[in-house]
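J.: Going down the list, the sequences are from chains Y and W. Residues 1 to 309 in the working numbering are what the first sequence spells out, letter by letter. Residues 1001 to 1320 in the working numbering are what the second sequence spells out, letter by letter.
Read the hints as simulated data drawn from the structure, not as lab findings. It is possible that some hints are incorrect.
[Said to hold, decoys possible] Some chain Y residues judged to face chain W by a derived CB distance under 10 Å, without partners named:
1. Gly-31
2. Ala-58
3. Ile-233
4. His-280
[As the list claims (entries may be wrong)] Not close to chain Y: a few residues of chain W, all C-beta gaps over 10 Å, as computed:
5. His-1006
6. Gly-1031
7. Leu-1111
8. Asp-1276
9. Asp-1278
10. Met-1314
Since we're looking at a predicted model, the values are computed, not measured. Yeah, the Cβ is synthetic: ideal placement off N, Cα and C, and Gly gets one too.
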Amino acid sequence: MAWFRKPKKPLKSGDRRDLPSDVFVKCEGCGEILYREKLAQNLHVCPACGHHFRVGVADYLRILSDEGSFVETETALRSADPLEFTDLKGYAQRLEAAEKKTGRGDAVVTGRALLEEQPIALAIMDFSFIGGSMGSVVGEKIARVGRLALEEERPLVLVSASGGARMMEGIYSLMQMAKTSAVLARMHEAGIPFISILTHPTTGGVTASFAMLGDANLAEPGALIGFAGPRVIEETIKQELPEGFQRAEFLLTHGMVDRVVDRREMKETVARLIRHMFVHDGPGFARGSPESSALPAAAPGESGKDVRG
Amino acid sequence: MAATPHLEFERDMVEVQEQIDQLLELAEKKGIDVSRELTEMREKLQTLRDETYRNLSPIDQVQVARHPRRPYTKDYIERVFTDFIELHGDRSYRDDAAIVGGWARLDGEPLMLIGHQKGRDMKANLHRNFGMPHPEGYRKALRLMRLAEKFRRPVVTFIDTPGAYPGIGAEKRGQAEAIAMNLREMARLRTPLVSVVIGEGGSGGALALGVTDRILMLEHSIYSVISPEGCAAILWRSADHRDKAAEALKLTSSDLHRLGICDEVIDEPVGGAHTDWDGTSARLRTTLGRHLQELVAMSDDERRKLRWAKYEAMGAWRDR
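Same shape as in the complex, but just chain Y:
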């Protein structure tokens, strides 16, 4: 029983601006003061500079799926803490705290949805659950939603946001990279489209497995995307990193993503890509046999030039 109680509202440091933070928010990009409700209506993109605020799973569900169409799968999966890992804190406690904080069992939500009336399999990672790290449950849920995509012949759309592998699950976390990629190998051979959407930040083992394996890799403007984290690189090479390094636009220039897509156009872009790759409503050209491994790797789009942000 505590004798003293913290005041309900935490004290704010003196130099913070005097705005009610539940109504207004300052843009991290341009410093503009934005009306929170307006910002939400704009899908959390600053109307002044185009800065993309980080959004949660629920927001991305609304962004991508037709209203009310999403049905979640595999909500019961939980980590088994196979190594009984303890550092300064027990992994089991970290999991419990993360579940309490996010209301989710682990760092990805999966399910079925409609996207412009097209049935899809959908997975959205939750960065607020232990940094969106990939352990057994994230790997297993992505494997299952991939198999669902295979069985029901639905394109898979996956929104990544992750710090990488979850080291508290040791070698199992590393092997989730192989596991998710193995399911994508089967989808690749079956000709089921996979659209990978990379949001801020996507790094480590998630980038080095499914996130880079899209038939189209789409990145949000300004998103940090890479394998090694910038701090690790700086420590290794003892140099400062160039401006814009590992940002979405940098990856576009270096040929690692197909397009940098404004969040407000994400749904439409994904829908168009899926129609190009997967939907056949005219007599058109005959579709090649699905066994042929010579499927086009990605829909390149007209040009990489109309980048926003």
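Chain W: place on chain Y using the hints.
T.: Relative to chain Y, chain W alone:
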């Protein structure tokens, strides 16, 4: 002041070895018979080795896996295989010396051999980048694996890397994509694949050669999602706690076997592979041959289905 590099826990052994050497020198110079003393000291050394190597802590295991005298891929190529002909380059950027590969024969049978390559001294390590590949290394490896598939030859990979190289060029040229593509394509290859962790299995850089029908590990090798130093720096906020991290990560060969990731642990001669390169190579050759025999006997479809099932089962979760 030992001439040979050694690990902290090996000091007693090195001392006894030096005494033996001195005794031999003395005996030769003065022409006296020291055979009784010699036998005694050799027995002492053997006992010391047995005891030390039976009780290695996880961080000791990490040290042995990184031992500067431990055999590297090319040392095994000379001793396990014949007729090796190295092939270079990824056909798009450059040749990465941190990964070597080429045709080789095991018991006369042709196969593709690919492995990380560390350097024995500073000059060699600068050339080999300490066994840390750049994207072009993974891409060379994939090119060679596809070549093997084309000619229906099995692939054997040797894993021995601290990890992928965290540098600007590696990121610019897409090391995440290069690793990811290897994972996906190795899962699909229609040819037998066996990987052997011979030293350090460091994270994504290791796994990029590691999606295989069989995963074998030398007894004193390690395989981990992150180095104990890196893990300690993040979770314990100081690399000084690497012994705790090494313990917690469960990265030894026996751990990986128990966790169902490693299919077979290949025992090393007592004292570790670095004390007996030929002995280790002989054991490696026998075990590798047995696994390849089993895999070659399967159809491509059957083998791939088993490979998928193996990887898709990996992990530990509860269905509440």
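J.: Against each hint, give a clear statement of whether it holds in the structure.
T.: We went through each hint and held it up to the structure:
no. : hint     : in the structure
1   : Gly-31   : violated (29 Å)
2   : Ala-58   : violated (22 Å)
3   : Ile-233  : holds (5 Å)
4   : His-280  : violated (25 Å)
5   : His-1006 : holds (28 Å)
6   : Gly-1031 : holds (57 Å)
7   : Leu-1111 : holds (22 Å)
8   : Asp-1276 : holds (28 Å)
9   : Asp-1278 : holds (30 Å)
10  : Met-1314 : violated (4 Å)
Hints 1, 2, 4 and 10, counting from the list given before, are not met by this structure.
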